[in-house]
Each structure stands twice: as C-alpha cells, then as structure tokens.
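Each chain is listed here by its residues.
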Amino acid sequence: MKAAKLILALVVLVSLLGVSGALAQDAVKLTVSFPGDPRSETVNALIEGFVAMKAEAGVTVDVVINEPTEGYGDQLLLDFGAGVGPDVFSISAETIPEYVASDLIQPLDEFVAAWDEWDNFPQGMKDMPSMGGSVYAIMYNTDTRVLFYRKDVLEAAGVEVPFAPTSWQEIFDAAEKIKANVPDVIPMEVESGTIWGEGTTMDGFFMLFRGAGGELLDPADGKWIVESPALLDAFSFYETMFGQGYSAAEPFMEPEPWVFYLQEGLANGKVGMAVVVNVVWGLYAPDGPWAIENRDEVLAWTPMPAREPGAGINGQDFVSMGGGWGWAISKSSQNQELAWEFVQYMTSAESITQYTKGVGGIPSRLDAAVDDEHVASITELVMPYQSFRPLSADYNRVSEQIQIATERIMLGEATAAEAMALFAEAVEGIVGADNVKRLPLD
Amino acid sequence: MLRINTRSVQILGQQISHRRLSELSLLIFMMPALVLVIAFVIVPAAWAILISFTNQSLIGPNARNFSFIGLENYVRLFNDPGFWNSLGTSFIFVFGSAFLGQFVIGFSLALLLKYAGVLSRGIVGGSVLLAWVIPEIVAVYIWASVLNFQSGSANQILLAFGLEKQRWLIDMPLLSIIIVNIWRGTAFTMLLFSAALEAIPDTLYDAASVDGASRWERFRYITLPLIRYTILLDFILITMGTFSVFGMVFAMTGGGPLGRSEIIGVYIYRNAFEYREIGYGSAASVVMLIINLTLALVYLRFTRVEWSAEA
Numbered sequence: 001m002k003a004a005k006l007i008l009a010l011v012v013l014v015s016l017l018g019v020s021g022a023l024a025q026d027a028v029k030l031t032v033s034f035p036g037d038p039r040s041e042t043v044n045a046l047i048e049g050f051v052a053m054k055a056e057a058g059v060t061v062d063v064v065i066n067e068p069t070e071g072y073g074d075q076l077l078l079d080f081g082a083g084v085g086p087d088v089f090s091i092s093a094e095t096i097p098e099y100v101a102s103d104l105i106q107p108l109d110e111f112v113a114a115w116d117e118w119d120n121f122p123q124g125m126k127d128m129p130s131m132g133g134s135v136y137a138i139m140y141n142t143d144t145r146v147l148f149y150r151k152d153v154l155e156a157a158g159v160e161v162p163f164a165p166t167s168w169q170e171i172f173d174a175a176e177k178i179k180a181n182v183p184d185v186i187p188m189e190v191e192s193g194t195i196w197g198e199g200t201t202m203d204g205f206f207m208l209f210r211g212a213g214g215e216l217l218d219p220a221d222g223k224w225i226v227e228s229p230a231l232l233d234a235f236s237f238y239e240t241m242f243g244q245g246y247s248a249a250e251p252f253m254e255p256e257p258w259v260f261y262l263q264e265g266l267a268n269g270k271v272g273m274a275v276v277v278n279v280v281w282g283l284y285a286p287d288g289p290w291a292i293e294n295r296d297e298v299l300a301w302t303p304m305p306a307r308e309p310g311a312g313i314n315g316q317d318f319v320s321m322g323g324g325w326g327w328a329i330s331k332s333s334q335n336q337e338l339a340w341e342f343v344q345y346m347t348s349a350e351s352i353t354q355y356t357k358g359v360g361g362i363p364s365r366l367d368a369a370v371d372d373e374h375v376a377s378i379t380e381l382v383m384p385y386q387s388f389r390p391l392s393a394d395y396n397r398v399s400e401q402i403q404i405a406t407e408r409i410m411l412g413e414a415t416a417a418e419a420m421a422l423f424a425e426a427v428e429g430i431v432g433a434d435n436v437k438r439l440p441l442d
Numbered sequence: 001m002l003r004i005n006t007r008s009v010q011i012l013g014q015q016i017s018h019r020r021l022s023e024l025s026l027l028i029f030m031m032p033a034l035v036l037v038i039a040f041v042i043v044p045a046a047w048a049i050l051i052s053f054t055n056q057s058l059i060g061p062n063a064r065n066f067s068f069i070g071l072e073n074y075v076r077l078f079n080d081p082g083f084w085n086s087l088g089t090s091f092i093f094v095f096g097s098a099f100l101g102q103f104v105i106g107f108s109l110a111l112l113l114k115y116a117g118v119l120s121r122g123i124v125g126g127s128v129l130l131a132w133v134i135p136e137i138v139a140v141y142i143w144a145s146v147l148n149f150q151s152g153s154a155n156q157i158l159l160a161f162g163l164e165k166q167r168w169l170i171d172m173p174l175l176s177i178i179i180v181n182i183w184r185g186t187a188f189t190m191l192l193f194s195a196a197l198e199a200i201p202d203t204l205y206d207a208a209s210v211d212g213a214s215r216w217e218r219f220r221y222i223t224l225p226l227i228r229y230t231i232l233l234d235f236i237l238i239t240m241g242t243f244s245v246f247g248m249v250f251a252m253t254g255g256g257p258l259g260r261s262e263i264i265g266v267y268i269y270r271n272a273f274e275y276r277e278i279g280y281g282s283a284a285s286v287v288m289l290i291i292n293l294t295l296a297l298v299y300l301r302f303t304r305v306e307w308s309a310e311a
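Protein chains in written order, with this note's numbering: chain C, 1 to 442; chain B, 1 to 311.
Just to be clear, a hint being listed does not mean it is correct.
Stated by the list, open to error - DEER-style ranges, computed between Cβ atoms:
#1 Leu111/B <-> Gly197/C: 55 to 63 Å
#2 Arg76/B <-> Asp434/C: 14 to 22 Å
#3 Met53/C <-> Ser127/B: 55 to 63 Å
In case anyone wonders, no lab produced these hints; they're calculated from the structure. The beta carbon of each residue, even a glycine, is placed where N, CA and C say it ideally should be.
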C-alpha cells in the first residue's frame, strides 16, 4: 500500500516534470542585443509585437534581451569574445568592417534577394551597411548633420535671417559679427578634440572635409590619403575658427563638452551657430529633454555649405554626413531563419515608423510614414548631399588621429599644416607605409 | 560517530589530533574567501599574464585565432614612448597626490584632530570623510564644475582676488588631477593615523613630560617610533591605490590634452579597449602588476621584521 502510494507520487512528479520540460522545449530562444536608453521603451514594445505575432502563428519565442546603455559596442565585443554573443544585434553602420573582419556577422545577401520589401530602402541605406558587395545589416534609422543657428543671436549681431550661407567665408563673416556685436556669446561650435570622441570626426571634421571635396580612403586602391589639399582646408577651418576667437577651446577639454555647448549653450542662446546632428531638433522640442520653450522662434537650421559653391565632394554645393543603425545577424546563430524573421519585423515600414516616432532620427525606408515637418524637410533638403565614413577595420584608430589633430590646432600647438604632417606620420605608423599616400598640395 | 577526549577527536573512526583539527578548521573557514580570491583575483591575473604573450585582439582576425608571439608585446611596449610617458605621468601623479598630498596632509590632519576640540574634530573630520565616501564619478562632476574655465568657482575666486583666470585642464591637467586625488584620498590616511595615535597610551607622554621632554621631543621619540609601521603601511597602501587610479582621471581629462595626464591605467584602457589590442594591453597591465607586487613585497618584508622583532 505504502509502496503503491510512493510509486503514484513518483509517476505524478515525473509527468509534471515532463510536461514542463516539453513546454520549455517548444519555446524557441532568440537572444537580442541593442543599446538601451533612450531606445529601450520603443524597441521593447516592438519586440513584444514580434513575440505576439509569432505566438499567433503557434510558435512560442522566448526573446532574451540585453540592452546596455553605456559601452554597448565594447560589451557586444566582449560577449562575442566569450562565446555568448546574441543571435540578433543592433549595429552602428561604421563598425560593420570590424565585425566582418572577425567573421562574426552573417551576410544577408540571400535573404534580401528573396525579400520583396528591400527596394523600399533608398540606395544610400543599402550602401551604408554593405561591404565588398555584401549586405550585412538592415538599417532601421539614420541621421544627418546640418548647421543650426540661433535666430535671435544672429539678428542681434546684424546677420540677415533666415541665414543661408553658401560658403565657409559667409559662416566666418557671421561669426565675426557675433563676436563684435554680441560679445557674451560664443559665435560658433564645431565638435573638436579627443574628449568628444567620434563626434569630432563624424559631426565636425567630415562636415568640413567633405565640403572641401575630400576623400580619406581612396576607393580605387584602398589607401589612406594622409595629405591632401582638402585635408589642409579642413584643418585650416579649425585654425581660423579658434585663431580668430570664433569658438572657445576650454569647454572642449572639460568633461562632457556637449552639455556646455549644446544642452546649455545653444539652448540658452549662449552659442550662435553649431554644426550638429539633426537629432537635436527633437531634443530641443518644448517637451524634449533639452527643452527650448520657444524653439521654433529662436532655433533654425540650414544645410552645411561646401568651402565654396561646387567645392564639395562630387562637386556639391552642400554636404552632409550620414550615420545610422541597423539590425544584423550573428554568423554563429543557430536560428538564422527566425533571426531573419525578427530583422524583417523590426525593419518593416510600420516598425520603422513606430521607432522614429518614439526615438527620433530619420526613417531608413521610403515608405515609412512619419508625420513630421522637420523630418520631411531634412529628407528633402539634406539627404541628397549625404556621404558616409570610410568602411575599414582601421577606421577607429585613424579617426582618433583626426581628433588629436583638431586638438593640436585648437590648443594652438600646431598650425593646420603641422597638424596634417603629424597626422600623416601617425596614420602611417598605424596602417603601414604601403597603405598610405600623399596627394600634391598645390 | 564523534568521540571527544582531551588530546584528540575521533571523527568517522579517524583519530585526529587537536592540532590537526585546528589546522583543518582554519582551512575550512578560509575556504569561502579563498575560493573568491582564486576566482576573481588569481585566475584573471594569471589569464592576463598568459594573453600578454599573445596577439589577441577584441575584434578582427586575431580575436579568435590568436597565437603566442613570445615577448613581442613587451618589446613593443618598452619601445613605445607613449608607455614611458604614461609611466612617468603615473610616478608624478603618485608622488604628488599620494606622498606630498594624502600622506602629509592626512598625517597632519590626524595630529590636528588628536589635539583639537570635539566640535572642530567633528567638522574637519566629517568634511574630509565626506570627500572619501562620495562616488568617484560624482567627485569628477563636482571638480569639473570647480575647474570649469568659463564659470567654475576656482576661476571666480581668482577673479575676486584680481588674478587671471586659469585654463586648469589645459595648462595644468596633471596638477588638476593630483588635487582631486588628494581631496578624495586624504581621509584614508587621516583615519589610519587617527587610530594609530589613539593607540599610544597617554602615560608615555605624561612620563616624558615629567622627564622634561619638549613637545617636539615627545613627538620625535614617542609618537614617531610607535607609528612607524603605520607610516609604512599607509605609504604603501596609498601608493598602490593611487597607482591604480583610472576612473577619475579618465572621466576628468581622458588622459589629455595630448597625453599630458595619461597615467598608466588610462594607457592600458586605450590600448586594450579603444584600440582593441587586449594582448598588448595585458602586457602593460602585467608591468603594472609587477610594480604593485614589488611594493607589496616591500611591505610584507617590513611587517615580517616587525613580527619577528616582537616574538
């Protein structure tokens, strides 16, 4: 009797374990990594939508989310290094070459060839995540850079508003007027120095360099161009800006220079003009984190002019730099098909619309409906001038040398020409003498 | 199962002497700490030493298929002016903030507190302690606002005295981080010496006074000899602590401008994580480990002298 009871209890226990085991077996696990705040809420909502969609189709997906806010890139690399990388991850386009070189990222060519929605992405959004003819990520958001200015400051300085400069000289002329007529305002800000990190290269240097028609990595032979007239022009811009007192060096050398220049400076009319990523427009919204109550009355933007009309890259009059984020699949993922379904869901027109509404930036698809005047005019006026950073596994270290060069000029420790010579020497040391070339300076 | 007599214990039929039992229990009690130390100190350190002989990187072809390259990282390290710069910067940083700053000021404060009244003891001791308990990154923000060029309080004070504003983080980055580190670390030395001074019996001073010893003589012949091991301990602890500082300097100056405040911790971080060369970065941290170990050995050597002298 006692034995029978015991056996019964065992049978119940085992079957219970079996049932729960079977339940766990049914759920497919998908690990996802993306940078958390301020994306967290929106992306989590989208992921819930994906899980619900799969549940309707009878598949239980257990999505494991990893969303560090600080040091996302480093954490992702360490995860991959430790062999616990995610199935799907969000990636900033310029880091793709490093992942390709490490064989961590899955080419999506076969997937997109059979995807009827691929052509809803403009060519630029197809090029940005591509390398050596293969697509490595599907972009879900992009951004661009323009010249922001304070209408009230420029008016007080005697500069005509709306301000629509067509050359660097017109920007300097406006800065000179601000310096003379509104003395307690810093006339302009272009991201400089090593503390601002990649922002200095992307938002500052390249906006000038492209405006001088510059190319840093020759697409023809894959060599780094470490001396060129365009490089000297771009560095000379910094020399004039700091040498003439149009910008202040000190805040760039203090922690969080963006707080001084953008969050407080531009927001309170203490800075006249700034070359910035367009995303700040949303940050400055009356209900945004860097709120300017009367934003539309005091703040405006204009496309960044080339050094002079036609001097920009591809003979352009205006220039801009584009960056952006995409979804990529890990090469080692055991769930390639499911991962691709996830990426498709996250980059559908509806998802991208939802993401742009929640987080900002510019949608990466032509058919994403974003009812926003700013996004619409940016897309129309600036996107055609968009160019991108060179795709190379050495980019990171070359970029740091650019930041160091701007720091030298900013601190008055080197002229533009001296800074360029030191830059050339340093890059040569990083990539090797065979991989650099110098263009004649006329 | 368990039988006890005065000389030995019988456990599971085994006769175990008291002496062995106490050794055994010592080991058992040390186990949790030992496991943690092995898992989080010994193994990572050994791992760092191992990969310092490889060309492993965080990304790229060498991320997974790295190979042993012998002493190559070390040869490169010793030929890198940036490494010697960071080592030199670190020594100035340690000498300035640990020795001249924390040690001298902390010791003086401890002496002051011993003879100060209750009220001033509370105020001075409390405010010094406060700097110590504030999280590193908060301290950075406090000092960033103090040293801010445009409107920081340091420059406001200079202006009030009719002096010129200073570009603290540009023209004297090393001095700036030394000051911040003194501000943060002085409390530790102060506490250590306060405790040591309290432990000296008053009767010694009373007896010396009766014998006609001056205040200086009492300090020189009673206080100093009795706290000499505390001095050594403090000196070595703050030297090692300061040598390992990273977060404060990284957040404050990022090692700049142009490497002028790049202490060794920042150098290691840049190479291992920003440049993704974890093997090379490890080689630099092994050098740092050796310097710290040498200091620790010096300390152990002196304390052993103390123990055997007492025994």
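- Query: Failing hints, ascending?
  - Reply: 1
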